[in-house]
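Participant: Got chain C sorted already, so can you dock chains D and H onto it with the hints?
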Amino acid sequence: MLRKYNTLFVVMMVTALLLSACGSSTSTPSSTSLPASSVQINGAGATFPLPVYTEWIYAYQYVDPSVTLNYQGIGSGGGKKAIIDNTVDFAGSDSLVTADEYTAGKDLQMYPMVAGAVVPIYNVEGVTQTLTLDGNVLVGIYNASITKWNDSAIAALNPDINLPDKSITAVHRSDGSGTTEIFTNALSSFSADWKSKVGAGTSVEWPVDKAGNGIGGKGNQGVAAAVQNTPNSIGYVELSYAIANKIAYANMINKAGNKVTANADSLASAMNDFANTFTDELTNIIVDGPGVNSWPIAGYTYIVLHTTSMTDCVKAQKLLDFLKWALSDAGAAKRAADLGYSVLPDAVRTQVLAKLGAVTCNGTPVLSNS
Amino acid sequence: MDKSPHSLTGRRPAPHWLAHLRLALHYGDRPWSALTIGMALLTILLMLSIGLLLWGDSSQARAAFGLSFLKPTSDASWNPVSGNFQAWPFIYGTLATSLMSLVLAVPISLGVAIFLAELCPTWLRMPLGWLFELLAAIPSVVYGLWGIFVFLPTVVEPMGNFLASTLGELPMLTLFFHGPMPASGSSLLAAGLVLSIMITPTIAAITRDVFLAVPLTQREASLALGATSWETIWKVLLPYGMSGILGAVILGLGRALGETMAVTMVVGNSIGGSLSLMRPGYTMSSIIANEFAEAVTVLHSQALIEIALVLFIMTLLLNILARLLVWRVGRGIPQEARA
Amino acid sequence: MTTGTNLWLGVSTRQMIQSKAGYRRRKLSNIFMLAITGLFTLLALIPLFWIIGYVIYKGGQYINLDFFIHLPRPLGITGGGVLNAIEGTLLLTILAGLFAVPPGILAAYYVSYKPNTLLGIVVRFGTDVLSGVPSIVIGLFCYALIVKNQGHYSALAGGIALAILMLPTIIRTTEEMIKLVPHSLREGSLALGSPEWKTALSVTLPAASQGIITGILLGIARASGETAPLLFTALGNDNYNVGKIIQAGIGNHQNIFTILGMIINQPVDSLPLTLWKYAQQPYPERINQSWAAALVLMILVLSLNILTRVWVQLRANRIHGK
Numbered sequence: 000m001l002r003k004y005n006t007l008f009v010v011m012m013v014t015a016l017l018l019s020a021c022g023s024s025t026s027t028p029s030s031t032s033l034p035a036s037s038v039q040i041n042g043a044g045a046t047f048p049l050p051v052y053t054e055w056i057y058a059y060q061y062v063d064p065s066v067t068l069n070y071q072g073i074g075s076g077g078g079k080k081a082i083i084d085n086t087v088d089f090a091g092s093d094s095l096v097t098a099d100e101y102t103a104g105k106d107l108q109m110y111p112m113v114a115g116a117v118v119p120i121y122n123v124e125g126v127t128q129t130l131t132l133d134g135n136v137l138v139g140i141y142n143a144s145i146t147k148w149n150d151s152a153i154a155a156l157n158p159d160i161n162l163p164d165k166s167i168t169a170v171h172r173s174d175g176s177g178t179t180e181i182f183t184n185a186l187s188s189f190s191a192d193w194k195s196k197v198g199a200g201t202s203v204e205w206p207v208d209k210a211g212n213g214i215g216g217k218g219n220q221g222v223a224a225a226v227q228n229t230p231n232s233i234g235y236v237e238l239s240y241a242i243a244n245k246i247a248y249a250n251m252i253n254k255a256g257n258k259v260t261a262n263a264d265s266l267a268s269a270m271n272d273f274a275n276t277f278t279d280e281l282t283n284i285i286v287d288g289p290g291v292n293s294w295p296i297a298g299y300t301y302i303v304l305h306t307t308s309m310t311d312c313v314k315a316q317k318l319l320d321f322l323k324w325a326l327s328d329a330g331a332a333k334r335a336a337d338l339g340y341s342v343l344p345d346a347v348r349t350q351v352l353a354k355l356g357a358v359t360c361n362g363t364p365v366l367s368n369s
Numbered sequence: 000m001d002k003s004p005h006s007l008t009g010r011r012p013a014p015h016w017l018a019h020l021r022l023a024l025h026y027g028d029r030p031w032s033a034l035t036i037g038m039a040l041l042t043i044l045l046m047l048s049i050g051l052l053l054w055g056d057s058s059q060a061r062a063a064f065g066l067s068f069l070k071p072t073s074d075a076s077w078n079p080v081s082g083n084f085q086a087w088p089f090i091y092g093t094l095a096t097s098l099m100s101l102v103l104a105v106p107i108s109l110g111v112a113i114f115l116a117e118l119c120p121t122w123l124r125m126p127l128g129w130l131f132e133l134l135a136a137i138p139s140v141v142y143g144l145w146g147i148f149v150f151l152p153t154v155v156e157p158m159g160n161f162l163a164s165t166l167g168e169l170p171m172l173t174l175f176f177h178g179p180m181p182a183s184g185s186s187l188l189a190a191g192l193v194l195s196i197m198i199t200p201t202i203a204a205i206t207r208d209v210f211l212a213v214p215l216t217q218r219e220a221s222l223a224l225g226a227t228s229w230e231t232i233w234k235v236l237l238p239y240g241m242s243g244i245l246g247a248v249i250l251g252l253g254r255a256l257g258e259t260m261a262v263t264m265v266v267g268n269s270i271g272g273s274l275s276l277m278r279p280g281y282t283m284s285s286i287i288a289n290e291f292a293e294a295v296t297v298l299h300s301q302a303l304i305e306i307a308l309v310l311f312i313m314t315l316l317l318n319i320l321a322r323l324l325v326w327r328v329g330r331g332i333p334q335e336a337r338a
Numbered sequence: 000m001t002t003g004t005n006l007w008l009g010v011s012t013r014q015m016i017q018s019k020a021g022y023r024r025r026k027l028s029n030i031f032m033l034a035i036t037g038l039f040t041l042l043a044l045i046p047l048f049w050i051i052g053y054v055i056y057k058g059g060q061y062i063n064l065d066f067f068i069h070l071p072r073p074l075g076i077t078g079g080g081v082l083n084a085i086e087g088t089l090l091l092t093i094l095a096g097l098f099a100v101p102p103g104i105l106a107a108y109y110v111s112y113k114p115n116t117l118l119g120i121v122v123r124f125g126t127d128v129l130s131g132v133p134s135i136v137i138g139l140f141c142y143a144l145i146v147k148n149q150g151h152y153s154a155l156a157g158g159i160a161l162a163i164l165m166l167p168t169i170i171r172t173t174e175e176m177i178k179l180v181p182h183s184l185r186e187g188s189l190a191l192g193s194p195e196w197k198t199a200l201s202v203t204l205p206a207a208s209q210g211i212i213t214g215i216l217l218g219i220a221r222a223s224g225e226t227a228p229l230l231f232t233a234l235g236n237d238n239y240n241v242g243k244i245i246q247a248g249i250g251n252h253q254n255i256f257t258i259l260g261m262i263i264n265q266p267v268d269s270l271p272l273t274l275w276k277y278a279q280q281p282y283p284e285r286i287n288q289s290w291a292a293a294l295v296l297m298i299l300v301l302s303l304n305i306l307t308r309v310w311v312q313l314r315a316n317r318i319h320g321k
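Quick mapping for you: the protein sequence lines, in order, are chains C, D and H. Under numbering that gives the first Met the number 0, the first residue of the first sequence is numbered 0, with each subsequent residue one higher. Under numbering that gives the first Met the number 0, the first residue of the second sequence is numbered 0, with each subsequent residue one higher. Under numbering that gives the first Met the number 0, the first residue of the third sequence is numbered 0, with each subsequent residue one higher.
Because the hints were derived from the structure by calculation, they are not lab data. Watch out, some of these pointers could steer you wrong.
Taking lysine-lysine pairs in the BS3-like style, the calculated list, with each CA pair at most 25 Å apart, reads [said to hold, decoys possible]:
1) C:Lys105 with C:Lys314
2) D:Lys234 with H:Lys19
3) C:Lys147 with C:Lys258
4) C:Lys209 with C:Lys196
5) C:Lys194 with C:Lys147
6) C:Lys354 with C:Lys314
7) C:Lys333 with C:Lys354
8) C:Lys165 with C:Lys147
9) C:Lys354 with C:Lys323
10) H:Lys113 with H:Lys197
11) C:Lys314 with H:Lys147
12) C:Lys258 with C:Lys194
13) D:Lys70 with C:Lys196
14) C:Lys209 with C:Lys147
15) C:Lys333 with C:Lys323
16) D:Lys70 with C:Lys209
17) H:Lys26 with D:Lys234
18) H:Lys147 with C:Lys105
Just so it is clear, the structure is predicted and the values come from calculations on it, not from any experiment.
Same shape as in the complex, but just chain C (with noise of 0.2 Å):
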């Protein structure tokens, strides 16, 4: 009927497959499009370190360009049980493995990559210098024992600064989320009340939503709006955001009773602080360390694997090249960071190399010459 119309139509469709195919190989450097030999790994789990994991997989396309990597972040619950489904060859997650899912999941190990830092933000009407917290205070706005932002404890760390009679509004994630884990750990940690009676996780009840001060964000950006958008607010983000989009967050004292400001220097302390306690299953909680330089809130966040039950090898083998090019390269360290996340310390990273040496794929081992 309308046949010339219907043949125009498939010659447009056809002509612009073939464009974008013109269009991709002039984008990208042309060693990447797929010779024969060429691999497809998927990954799948936390966005905490997404934005990291992007830069590492396209540099890694220069030094590699047989495989071609995916990680897409979907949280690190979906990530979990993608890996323990098989549905994807590695899975990133902040929270840490569960028994009952090293059941489900017979042979999955994690691995810590990067460490990140959560830090306070907050909006206080005529403050503008920054503010000093610490884990008392933390743990009384997010209960709702301090109320006010001129309450005594926040003048006696800020003794310079003019707080209003204001109520605080606290705001916290509302969807599940590692950065969530972090903070909860370290408000546990700081208080054995907290610890008992709200816990820590990727989700946990407020008491502050029942006293009717909580607001809940989805996302970093849901909490940094709902902060910026709330006078006498205060809220929790991870310092990648904070610094990429150069929003205020407080210093803290830590432990040790030092003033702290969340950067590279006092993430590596934290992560010294705790690294020779690492458990057979290399996880470990970094909050609240000890160390004289030490911030309060931070966190691993970690790549999942089976050790034993891939199948793939030729996969298993470009997988754990990967993985091991981005734990030792001194560019990758770098790009992270540039980005606001710290590599991990020889003493963590040499644990990690000689675990990743123990995985198998039918049996034999994958990295022959870790």
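Facilitator: The following block gives chains D and H in isolation, referenced to the frame of chain C:
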């Protein structure tokens, strides 16, 4: 009444069974019937499988909480750490936002549909129709972002403060309208308004097509009897297309019940225990979307699936209700009035 | 016509029709109500223009040719685009349409002609209930059914999830439109000796086509804007490029079916998914790109709508000999 099939040639009519047999064996009809029935069965299969999945994957949670999961209580608890879950705040949030969106969207969509079908100049009809269909294509994430950055500060917050200071002071309504509205505007009101904007194109576009499909003879007969345009629309077109309109409304309601992303971004995501529309709230799809990806314990995941199950059953019940309504309303309208 | 008292309190319908004052009242109420519909249309148009204007304003600043023809690049490296997402959206929409439209129309046909049978009633229920299922639950359903069994995320799973989302809209609108086709049309065709299936395909469905196409376009518009179900089915893929896959396939001398398989069995990205991912990231560059992606999506869907309507109009003109 004469039950025999009529014959064009005037011969004695064929026996019933022969005519039926001929019809049944008519080339192509059997496969066609089988195909249509098969596809209809597929739809049912789909619904049943989803229901079954939801039922099965919430077994632990159902066993742990029983019916207390649904109890309306003002200090409901949702605690992933201690494993105590109650769904009432979310049920209320979903009901409140969806009904609010329907109350706002249905009259407006009807108005738009009437305008597009009856009053619009022909040259304007197509482009305007496309514009509305474009509104349906905007991703829910964009609605959410626009809501947070533009709509809530500009419209919802002043509106909420106004309502809280007027209706919120009246004795009966204070339960639903008391403030204070959060400074960001995140509230059940915000979610209801955004949802009404989202479902308007669906209801309007389908209703417009329903009106356009009403035969001209119906309209002309009414006008010939001396009715004004509006009377024609109200008394002839609307009843004629009532089934289609209700279908459109149910689709809109379905979208409102299940909408996730946009609602999550503007509803405040907070369980406060208040019934007020001006306060932050939480809906069933929001909590699932927020917490499912990161749910660590099995009980937590299963509690979230149980919420999905409750939503599923609630949709079922609302549809039964709507169908009863259609039946009652449609009883007076002759169904075979279509020439 | 109804008897009894009218909207204007206390005046009976007879008085309204037969008295001069009644006539004036009816005229006024006519103008009043029609003005209200105009007002409502304006009211509905305000958010429309507002949102579209906002998307154009925010997205238009960051859109450029690179955006359409390149794959994503990390921050700090210019020239990144969303080619993977555009191709993914097109592919997912095509798959969703293929999976949803034929079953939907066929099921709706059955329901519209046998509405009072048990099957008809249950199917109508089923579609209404299905339309209320949150999109994220449908994603989880497809994950359990398809992704887990296949062992990987894929465009196929994403397409099926979107098809399930589209199905209620298509079935509902098709059913209503078929019911509005005058019985005389169908009976005339049957009386002329045409079998049921031929009547359906050449008389009933074309007569209802305007509305059916609206339903399909609405369904596609909704499906192409969804994020949540794709999180668990299509996952997302920063390196997806159909052109590259075809090139590699030809280079490896693979047959067309293998190439097609590779196209639909990989994780894919889509514009709303990219939008959502980027909007959550800390970096202003990504957020700008997410608005640009929203703009691209709107342009795509609008073009699809316009193209389809124009095509239908041309076809209709051809039939009527214009």
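Participant: Would you mind marking each hint as holding or not holding in the structure?
Facilitator: Comparing the hints with the structure gives:
The straight-line distance between the Cα atoms of C:Lys105 and C:Lys314 is roughly 20 Å, inside the 25 Å bound, and the hint therefore holds. Between D:Lys234 and H:Lys19 the alpha-carbon distance is near 21 Å, which keeps this suggested pair within the 25 Å criterion. With a C-alpha separation of about 22 Å, the suggested pair C:Lys147 and C:Lys258 falls inside the 25 Å cut-off, and the hint holds. Simply put, C:Lys209 and C:Lys196 have alpha-carbon atoms about 13 Å apart, close enough for the 25 Å limit, and the pair holds.
At most 25 Å may separate the alpha-carbon atoms for a hinted pair to count; C:Lys194 and C:Lys147 meet this at roughly 23 Å. For the given pair, C:Lys354 sits about 18 Å from C:Lys314 by alpha-carbon distance, which is consistent with the 25 Å threshold. About 24 Å separates the Cα atoms of C:Lys333 and C:Lys354, which keeps this hinted pair within 25 Å; it holds. At roughly 5 Å between alpha-carbon atoms, C:Lys165 and C:Lys147 fall within 25 Å of each other, so this suggested pair holds.
At roughly 11 Å between alpha-carbon atoms, C:Lys354 and C:Lys323 fall within 25 Å of each other, so this suggested pair holds. For the proposed pair H:Lys113 and H:Lys197, the alpha carbon gap of about 18 Å is at most 25 Å, so the pair holds. Proximity of C:Lys314 to H:Lys147 is assessed by CA-CA distance (about 20 Å); at most 25 Å being required, the pair is judged to hold. For the suggested pair C:Lys258 and C:Lys194, the alpha carbons sit about 24 Å apart, so the restraint of at most 25 Å is met.
Of the supplied pair hints, the one linking D:Lys70 and C:Lys196 holds, its CA atoms being roughly 23 Å apart against a limit of 25 Å. For the suggested pair C:Lys209 and C:Lys147, the alpha carbons sit about 17 Å apart, so the restraint of at most 25 Å is met. At roughly 15 Å between alpha-carbon atoms, C:Lys333 and C:Lys323 fall within 25 Å of each other, so this suggested pair holds. Distance check on the hinted pair: D:Lys70 and C:Lys209 sit about 18 Å apart at the alpha-carbon level, within 25 Å; holds.
For the hint linking H:Lys26 to D:Lys234, the alpha-carbon distance of about 15 Å falls within 25 Å, and the restraint holds. Restraint check for H:Lys147 and C:Lys105: the C-alpha separation of about 17 Å stays at or below 25 Å, so the hint holds.
Violated hints for the displayed structure: none, as all numbered hints are satisfied.
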